[in-house]
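Full structure from sequences and hints, please.
Numbered by the working numbering, the letters in the sequence shown go through residues 1 to 114 in order.
Check each hint, because a few of them may be wrong.
What the hints assert, rightly or not - Restricting the straight-line Cα-Cα distance to at most 25 Å, the calculated cross-link-like pairs of lysine to any residue (SDA-like) are:
1. K74 with S113
2. K63 with Q2
3. K63 with S53
4. K42 with R65
5. K74 with T102
6. K63 with G25
7. K63 with E45
8. K74 with G41
9. K74 with Q101
10. K42 with Y78
11. K74 with A13
12. K74 with E98
13. K74 with Q2
14. K42 with K74
15. K63 with T76
16. K74 with L46
17. K74 with S20
18. K74 with G54
19. K63 with R49
Quick caveat, the hints were computed from the structure, so don't treat them as lab data.
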Amino acid sequence: VQLQASGGGLVQAGGSLRLSCTTSGNIFSPNAMGWYRQAPGKQRELVARIFRSGYRNYVDSVKGRFTISRDNAKNTVYLQMNSLRPEDTAVYYCAQLEIGQTYWGQGTQVTVSS
1 VQLQASGGGL VQAGGSLRLS CTTSGNIFSP NAMGWYRQAP GKQRELVARI
51 FRSGYRNYVD SVKGRFTISR DNAKNTVYLQ MNSLRPEDTA VYYCAQLEIG
101 QTYWGQGTQV TVSS
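Right, dumping it as structure tokens:
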């Protein structure tokens, strides 16, 4: 399983970015896909997940601002990030979440300037 993330960059506070993560060699119909982030000096944290059923959940700090979605035909999961804040600055990682195994993509840097 390989995951390729893209879409990070530098944006001013209040701006938007959309991250993409395309998978290949993956398990048909993954259990769940997720976006995580890790800020300097902090532990990696879950930002959002979308399950096979379509159920989604988010960390409280991004609710109402971020939206996770997927395009099964393209094997791609997205993270639309609106109303970005400086505290959203981190390296963002996508992951495929299976029972007993997590597959990670490389990170993409998101920097939000104040």
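Results of checking the hints against the structure:
Taking the CA atoms of K74 and S113, the gap is about 32 Å. The hint is violated against a cut of 25 Å. At most 25 Å may separate the alpha-carbon atoms for a hinted pair to count; K63 and Q2 exceed this at roughly 28 Å. A distance of roughly 20 Å separates the Cα atoms of K63 and S53; the hinted pair therefore holds under the 25 Å criterion. A C-alpha spacing of about 21 Å is found between K42 and R65, which places the hinted pair at or below 25 Å, so the restraint holds.
In summary, the hint linking K74 to T102 is supported, as the alpha carbons are separated by about 20 Å, within the 25 Å threshold. A hinted pair counts as satisfied when its Cα atoms are at most 25 Å apart, and K63 with G25 does not qualify at roughly 31 Å. A hinted pair counts as satisfied when its Cα atoms are at most 25 Å apart, and K63 with E45 qualifies at roughly 14 Å. For the given pair, K74 sits about 34 Å from G41 by alpha-carbon distance, which is inconsistent with the 25 Å threshold.
With a C-alpha separation of about 22 Å, the suggested pairing of K74 with Q101 holds against the 25 Å cut-off. Straight-line distance between C-alpha atoms of K42 and Y78 comes to about 24 Å, which keeps the hinted pair within the 25 Å bound. Annotation: proposed proximity of K74 to A13 is violated, straight-line Cα distance about 30 Å (limit 25 Å). At most 25 Å may separate the alpha-carbon atoms for a hinted pair to count; K74 and E98 meet this at roughly 19 Å.
With a C-alpha separation of about 14 Å, the suggested pair K74 and Q2 falls inside the 25 Å cut-off, and the hint holds. With a CA separation close to 32 Å, the supplied pair K42 and K74 exceeds the 25 Å bound. Restraint check for K63 and T76: the C-alpha separation of about 21 Å stays at or below 25 Å, so the hint holds. Between K74 and L46, the direct Cα distance comes to roughly 23 Å. Compliance with the 25 Å bound is thereby established for this hinted pair.
With a CA separation close to 11 Å, the supplied pair K74 and S20 stays within the 25 Å bound. Straight-line distance between C-alpha atoms of K74 and G54 comes to about 16 Å, which keeps the hinted pair within the 25 Å bound. Between K63 and R49 the alpha-carbon distance is near 12 Å, which keeps this suggested pair within the 25 Å criterion.
Hints 1, 2, 6, 8, 11 and 14 from the earlier list are contradicted by this structure; the remaining hints agree with it.
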